[in-house]
Amino acid sequence: MEHVLPVLELYTLLYTTLTGAVLWPIFVIFGLFFFYLTFKAEKTSKKIIFILLSMSFILPRFLVLYDPDYFIFKGFNLDVHVKHGEII
Numbered sequence: 035m036e037h038v039l040p041v042l043e044l045y046t047l048l049y050t051t052l053t054g055a056v057l058w059p060i061f062v063i064f065g066l067f068f069f070y071l072t073f074k075a076e077k078t079s080k081k082i083i084f085i086l087l088s089m090s091f092i093l094p095r096f097l098v099l100y101d102p103d104y105f106i107f108k109g110f111n112l113d114v115h116v117k118h119g120e121i122i
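Position one of the sequence shown corresponds to residue 35 (this note's numbering), numbered consecutively onward.
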């Protein structure tokens with residue numbers, strides 16, 4: 035169970051790195067569009083789907099803006115152990 039958190043953090047790092055700064059505005063626009071569709075939807079099930087889509091597009095971008103070092107340093111240093119000058 036202790037390896038679940040580093041895996042999730044590395045996945046988040048990979049996700050934010052692959053999408054990159056170039057795609058950041060596009061993802062925010064899509065997130066805001068899905069947020070807009072949340073209020074336009076008539077059925078509750080569609081509202082839930084649209085709010086989840088908007089959060090999945092927007093939240094990772096703002097988490098990286100809030101603290102970009104969190105994903106880089108904490109994600110990589112959790113499983114690195116140094117013994118006699120070697121990384122194992």
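Hints listed in this document are in silico derivations from the structure and should not be mistaken for laboratory results.
Honestly, I wouldn't trust all of these hints.
[As the list claims (entries may be wrong)] Keeping only pairs whose Cα atoms sit at most 20 Å apart, straight-line, the calculated SDA-like set for lysine to any residue is:
| id | residue 1 | residue 2 |
| --- | --- | --- |
| 1 | K74 | W58 |
| 2 | K81 | P59 |
| 3 | K81 | W58 |
| 4 | K77 | I63 |
| 5 | K80 | S90 |
| 6 | K80 | P59 |
| 7 | K81 | F91 |
| 8 | K81 | L66 |
| 9 | K74 | L57 |
To see whether the hints hold, each was checked on the structure:
Distance check on the hinted pair: K74 and W58 sit about 25 Å apart at the alpha-carbon level, beyond 20 Å; violated. About 23 Å separates the Cα atoms of K81 and P59, which puts this hinted pair outside 20 Å; it is violated. The suggested pairing of K81 with W58 is violated, with an alpha-carbon distance near 24 Å, which exceeds 20 Å. For the hint linking K77 to I63, the alpha-carbon distance of about 23 Å lies beyond 20 Å, and the restraint is violated.
Between K80 and S90 the CA atoms are separated by roughly 15 Å; this keeps the pair inside 20 Å, and the hint holds. About 24 Å separates the Cα atoms of K80 and P59, which puts this hinted pair outside 20 Å; it is violated. Among the hinted pairs, K81 with F91 is consistent with the structure: their alpha-carbon atoms are about 15 Å apart, no more than 20 Å. Only pairs whose Cα atoms come within 20 Å are accepted, and K81 paired with L66 is accepted, the gap being roughly 14 Å.
For a cut-off of 20 Å, the pair hint linking K74 to L57 is broken: about 26 Å separates their Cα positions.
The earlier numbered hints that this structure contradicts are 1, 2, 3, 4, 6 and 9.
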